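Chemist: Listed below, chain by chain, are the residues.
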Amino acid sequence: MADAAIRRPKLPVGSIGHKSFGWWGMMAIIMSEGSLFAYLLFSYYYFAVQYGGDWIPEMPKFELAGPNTAILLLSSLFVWWGERSAARGHGAKQALGLVIGLWLGIIFLVIQSYEWRDKPFTYSSTSYGSSYFVTTGFHMAHVAVGAAMLAAVFFWSLLGYFDKERRAPISIAAIYWHFVDLVWLMIFFTFYVTPYLGVG
Amino acid sequence: MAITNYDRPLDLEYVRPQPTAERDLARIWEREPGLWGWLSTVDHKEYGKRYIATAFLFLLVGGVEALVMRLQLAGPDKRMLTPEQYDQLFSMHGLTMIFFYAQPVLTGFSAFLLPLILGARDLAFPRLNAFSYWNYLLSGLFIYAGFAMGYGANDGWFNYVPYALKQYNPGPNMDFYALGMILFGVSSTAAAANFVVTFLRARAPGMSINRIPVLAWGTTTASFGILFSVPAVSLAFFMLWTDRQFDTHFFNWAGRGQPLLWQHLFWIFAHPWVYIVVLPAMGIVSDALPIFCRRPLVGYTVVVLGTVATMVMGFGVWLHHMFATGIPYLALSFFSAASFVITVPSAVAVFAWIATIWTGRPVLSTAFLFFAGFVVTFVIGGVSGVMTAAAPSDRQLTDTYFVVAHIHYVLIGINVLAVMGGLYTWLPKMTGRLLDERIGRWNFWTVFIGFNLAFLPMHWTGLAGMPRRIYTYPEGLGWSAVNLITTIGAFILAVGVLLLLINIAVSRKRGFPAGSNPWGGATLEWSIPSPPPPYDFEVVPVVASRHPLWEEELAEAGGESSVKRGLRLDNGKEMLATTALDAEPDAIVKAPEDSIAPFVAALAATMFCAGALVLSWIVSAIGFGLLVMSLLVWLWPRRELGQIAEARGG
Amino acid sequence: MRGRDSHVVVALTLALIAPSADAAQGPSPPMNYLQAFGGKAETIANLTWALLILSIVVVGIIAILTFAGVVRRRTPRPATEAERQPIAREEGGLSWITIGVAISTIALFGAMAWNAYTMAAINRSPRDPALTIVVTGHQWWWQFRYKNGDPSQIFDTANEAHIPVGQPVRFEVETADVIHSFWIPALGDKIDLIPGQTNETWFEARQPGVYRGQCSEYCGRQHAHMAVTIVVDAREDFEAWRVAQVRPARPQAGALAGAQTLFIARCGACHTVRGAFAGGRLGPDLTHLMSRRDIAANTLPNTLANLSGWIADPQAFKPGAKMPVLELPGPELATIREYLETLE
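The listed protein sequences derive, respectively, from chains B, U and C. Mapped onto the numbering used here, the consecutive letters of the first sequence carry residue numbers 14 to 213. Mapped onto the numbering used here, the consecutive letters of the second sequence carry residue numbers 13 to 662. Mapped onto the numbering used here, the consecutive letters of the third sequence carry residue numbers 1092 to 1435.
No wet-lab data here; the hints were simulated from the structure. Treat the numbers as computed from the prediction; the structure is a model and nothing was measured. All C-beta atoms, glycine included, are put in the ideal place defined by N, C-alpha and C. Any given hint could turn out to be false.
Subject to a maximum C-alpha distance of 27 Å in a straight line, what follows is the list of computed DSS-like cross-link-like pairs (lysine-lysine) [to be verified]: (1) B:Lys-23 - U:Lys-576; (2) C:Lys-1238 - U:Lys-178; (3) C:Lys-1238 - U:Lys-90.
Incomplete in silico selection of chain C near chain U, CB under 7 Å [as the list claims (entries may be wrong)]: (4) Gly-1151; (5) Ile-1155; (6) Gly-1160; (7) Pro-1167; (8) Gly-1184; (9) Ser-1216; (10) Arg-1326; (11) Thr-1394.
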């Protein structure tokens, strides 16, 4: 009967890591946001296939975008380290990882704004410009949201809100941050690499 | 109440006749009285009812729009409406019914019922649920604000470019529609995420994946569909707005944009959307029809698999809305074949329902009549769908009244009839009073006859070549008489809808008290009083079969389910989290208390969009700031929810 | 042609059911596409008929099964407590699903095969088209340009196109503004006019007649008044019509010279009349206006009264149409109409 179905004599109480509803909710949101970027890239490829050859006004350059990609990947690494430290109860390392990740994210945004300034086209030149600025713009907005989440969990870390059990907000912010980085890789591949592979 | 330990020993309890004041569940879960309590409550039952009521309000508005159009079309060469008035009416009618009635009404059923049939005390995210509702209401009001000012959408619900671009459509009509839809997308996405997590993590212990009622499967499958498809239309509307306001060139051919990109993005969303507004309705029938047939649903497993398969395949047939756009032969063949195949899982459901009726002992209640009528209209909507799957025939049928008839068989036949049957079944659970069966019979027959009179002949209107979306038509083309019949049918249907509302109003005062299980249902919601107490379940039920309340009669699983004895969980607002597949207890979760933050956040998001509408960045900035602040209040970790670490060594 | 006869029978039966199907069949059919007047339309109509009959049969069977199931074992009212108990019948129903789905799937595969055959059959014209017409959609009228290897033989007309009987004709469809759809139900399926792309379709007509079509993609306020006429002529008649259309309008002398000047001043900015120095491209080519059956995208029959009324106040007939109300004084209106009468 009832007691037979409930085998464990004790249950954890409250939000615990990946058991928390919040973490699962974030996964659902990530599925949806991932679809959003899939549709943005679908639009890019649709244009590229329709117009072919001269659609891309200028072959993409890597001077800024290459290092910037590395910076974003590095930030993911630090956030991962911060979350792992949280799981082990190392409060200081956890806060450090989060704040370094946060700053690398902000640096990414700054460099990205230079990348935008250097483009010889605008969002209203042709559909390529629209596609480039809206896609990267959406991504920057997501980086900003992720950075705000990192800032919040960093601040809460300083307030001593977390320990190795109670750290669901860190896991939630971290998984979102990794997602935003993964999306950047897709965008980078699409906008910067495929033109050299002969798409568009 | 502070949480002193991460782990708490469990004790199973029988329902206590007189709980201590401190641990009185009603006091823990009840909302505050007054307006403040009304705005800040997070009770899923409250929002379920509000969703349904609001959706019916939109149904009435959209219905009146339809009746006005039907007067214009009752005969040839009528000039009651100007072309622009007619265009706004058919656009508002379509988007109202499809976005602001069909899906939200099912969201209402799910918001109310999902925790009850899963044996939970609330949805996984009660505050998010409140936010979804307010955002839905405000997005509808946003779009209708435009209509009230004379700027209603005027390019159909499908809103094709380039007619929607500024060059051809200079007024703010499209901006109201575009920004309103982005708001609505936020609302439906939030609701979908909520349902998915509730389904996966908040089921009663023992309700393993093969024991979940079909309505929950339908809701969750549709919710996954929303998560994957809504971004396409939100993005398309965002692009449309930037094309209109900032001269981007997504859809403008002169700037190397692509008008057909709109159609791709729109139908990648809108075809799955059709399944999103029918799968939960099919779930309603699959769960409620067996109650009135006095036997379990035939073929539970294949019906569930069919539900999931329909949704998955629903993402692979969008191109059949574009057969006439000059797409290549190969793509045409593939999407045409795929559109045929997608009917197979629907056939599974139809034969499952018929088998359930055939091998059961039907009790001919009003609800049952609606479900039986539903089965027939479902098939009519299905076979006319098959006809449009055939690409050559579709290029004759598309954009004629044949497709109008088809979509109404899908949306009225598969959605409205199921919803009405669902109301006759579950409204007693919501209000505690039964609906009147005599008015119910009149209600069913006027709806059923009016609906079929209006839309069955409309197939012929389409086969006689009448194009859609024309505000008037000449004589002598064989369209006149049949249009008059449709107009008469539409008014009879409207009377039927009114009868339902009258019945609901009458039952509030004079309805027969329902008791906990008026129909002898099998699932958990029938084990608790009607209307349910604020905390839903006194003890967390334990489930050992698919039909916990029919176990004795069915001799199923030896009668092991337990609804009287279980975990009481009264140390604050507590729910049980269970594992995704086997539904084994995993954690005790603290549900959040009431908060005004979701309401404020929805207002702020609407303000943000309103600022964008008039290009007033100050308004948008204030809205954004308000949104951030309300989110901080909403999400700030709280000790009483077990979100903050205990003091070291304390 | 046995198949076609049976279609006529069913079409007539349906016409009886729907008493509004009253217009004359034959040479001037309404827009019903279950009765075809060309090879392509007939191939499609066969498929549509097959699917329609299959659909009606399926709905009939399901309706009977449902009704029988409801009536057969319904619980008497009021039911006793014993009768209301749930009953266990776990096994009985599954064969329904197996058999039902199996039969449906077989029917479905049959339909798919017919569909695939039809798609292949109508994909290309069986013979090389004799004629290519460029169709350009405008809000809210149709422009036709008859292509020809010899540039002097190219001409434009509007809203009414003639084609020769028994010969496939190719249509290249384009749009000048928003999306439209070109559709002559009795002769063939529809094809959308998409900005920035040229779509192609073809059809042939089996017998001379006047075939109505209508724009079938929503295109704005006067979408309802964007009809089109395809006139199918015997070959000699078509050739005579073509030669007449190629010819520019006669230059006018005497009293009508003044009328021509007035026309050019008032109407020439938007309308073309070849041979009269009226070269506007916003509205329909009027060089042979009087040869057409209707005006204003077939909103009104082409009578002198309608013509006068239309020129005086087009917005009264087609609110929102691009043709402005010129507020012409009465004598000017009469003069312009007199000039138009010469455009045969």
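Chemist: Going back to the hint list, which numbers does this structure go against?
Modeler: 2, 3, 4, 5, 7, 9, 10, 11
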